[in-house]
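Peer 1: Start counting the sequence shown at 48; every next residue gets the next number (our numbering).
Honestly, the hints are just simulated from the structure, not real lab data. Note that the structure is a prediction, hence the values are computed from the model and not measured. From the three backbone atoms N, C-alpha and C, an ideal C-beta is built for every residue, glycine too. Don't take each hint at face value.
[To be verified] Listed next, the in silico PhoX-like pairs over lysine-lysine satisfying Cα-Cα at most 20 Å (straight line):
1) K438 - K390
2) K438 - K428
3) K361 - K390
4) K49 - K60
5) K71 - K162
[As the list claims (entries may be wrong)] The calculated label-pair distances, taken between Cβ atoms and stated as ranges, are:
6) Q67 - E319: 32 to 40 Å
7) Q316 - H256: 18 to 26 Å
8) G290 - I369: 30 to 38 Å
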Amino acid sequence: MKPSYRHFQESLKLIPWGTQTNAKRPYPFFEETMPKFIERGNGCRLWDMEGNEYIDFRLSLGPVTLGYCYDEVDEAVRAQIKKGVLFSMASPIELELAQLLHEVVPNAEMCRFMKTGEDANLCNVRIARAYTKRDMIIVSGYHGYPDWFATEDSPNNGVPAIIKDYVKIAPWGNLDVAEKLIRQYNEQLACVIAVPYDLNEDTSGNYIHHLRKLTKEYGILLVLDEVLTGFRLALGGAQEYYGVDADLASYAKAMANGYPISTYLGKRQYMEQLNKFKITTTYAGETLSIAAAIATIKIMKREKVHEHIWAMGKSLMSGFNIIARELNIEAHAAGLPPAPFLKFNTPDSAYNARLEYFWFRELFREGVFVILRWFISYSHKPADIDETIDKARKALKRALEAEPKEWENVKPFFW
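Generate coordinates for the entire structure from the input sequences, incorporating the hints supplied.
Peer 2: Right, dumping it as structure tokens:
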């Protein structure tokens, strides 16, 4: 038995799922090819417990923007370690990061820090409720695990069923449902919280602009969940890329190259509500992640990080289209270049899903780490993209040659 298999069995005895994050569970149908643990990373590469190497396009679910073990960021953290991690009062570098965010993020008139994306989203909802004196919210997209964002499976997931009375769900991109809910409940709504881009084919920004128009019409706050799009689509995130005038916004994953930090920020008139009630947690001012965020954002300002990410993403998308033509597959590159994907679009949706499954299975075998969306980092160079396209071609060719009996047993599970 492989060391990682034994390690996983031991982990299951003490850790539910054997991991801390749902999306980092080993997928059972990738048993033979997907690594169960990653031992180290460098640049855009990962190595598992058996020493197998992968070109990584998952980037720890999005936070690693520059690359693993990026020297300048890690050196800033090492320098801060010598001063201390957490103090009995605020650290001076909190203001330095706040000034940077004010400079590069639209509408960041004031900000506070937290540790995760869902923290920031939850704080913004609290601010919206305090400002409007209204209780109901509309959610559109995935915003994390807190009760207010997890009512769909209530009460089976421990979320009180009564919370459903205060949360309405608008499937992302469905303008008709969103508009109907806003017009129906407008006097009860504190905010609409939505992801600005759902990493799908709709790259237009029309949905979020329409939400902005409707919320302004009814005096409802618009909260943008930029946990995935912030510092990835552009330095100022989707607010900058799409030109959206949000009231409050949440940023997290990409702002510190993997160190745990988030920020909830927005217009002064709303953020000043925090002078009237408490949102507080001990580790919000933890200095190592703040130092990492300062270094990361300075690098993004100084170097052409986003220009490079977009260029590498476009090269990957071009490669996807070439592979589709070469193998005579009904498929095309879709999404925005910082997080593209190959969309299989035959008339048979079940076939498309199963082909995608087999492709991902074979990509792991080839040494390419990816599921669903292909996140691009500053460490992905042209040679890495070329190597990836070659491996993707081989993997897809094998996926198309999968035995019919294999197809019968596959039940895709992440669509």
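Peer 1: Against the structure shown, which of the earlier numbered hints fail to hold, in ascending order?
Peer 2: none
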